[in-house]
Amino acid sequence: SISMYLALEHSSQDAYNRICRATTRNFESAEGIDEMLSFYAIEKFIAKYTGVESVEHDMSLQSCLAFISPYSNDSTCSLC
Numbered sequence: 001s002i003s004m005y006l007a008l009e010h011s012s013q014d015a016y017n018r019i020c021r022a023t024t025r026n027f028e029s030a031e032g033i034d035e036m037l038s039f040y041a042i043e044k045f046i047a048k049y050t051g052v053e054s055v056e057h058d059m060s061l062q063s064c065l066a067f068i069s070p071y072s073n074d075s076t077c078s079l080c
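Quick note on numbering: full-length UniProt numbering labels position 24 of the sequence shown as 24, and the sequence is numbered without any gaps.
Where hints are given, some of them may not hold.
Derived lysine to aspartate or glutamate pairs resembling EDC-like cross-links, with alpha carbons at most 20 Å apart [what the hints assert, rightly or not]:
| id | residue 1 | residue 2 |
| --- | --- | --- |
| 1 | 44 | 9 |
| 2 | 44 | 34 |
| 3 | 48 | 35 |
Calculated directly from the structure, the hints in this document are not laboratory data.
Please build the complete structure, drawing on both the sequences and the hints.
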């Protein structure tokens, strides 16, 4: 799980989860396949041992506006 998570560093959570499902389906009798961690579980595992946790910000696609304080109820960016 760790090596797959690191290999997919710039990919989406959906990509990670799809690869987990495909791997489990295609290699169901492989040793350790039942121990494959979900995206959430692998992030928590890595955070526990490294002290590094992911930080998420609710931002516009261009990162020009954070949806906080007066913009917290917005769903689109008023700048771009």
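Enumerated hints in conflict with the structure, sorted upward: When the structure is compared with the hints, none of them turns out to be violated.
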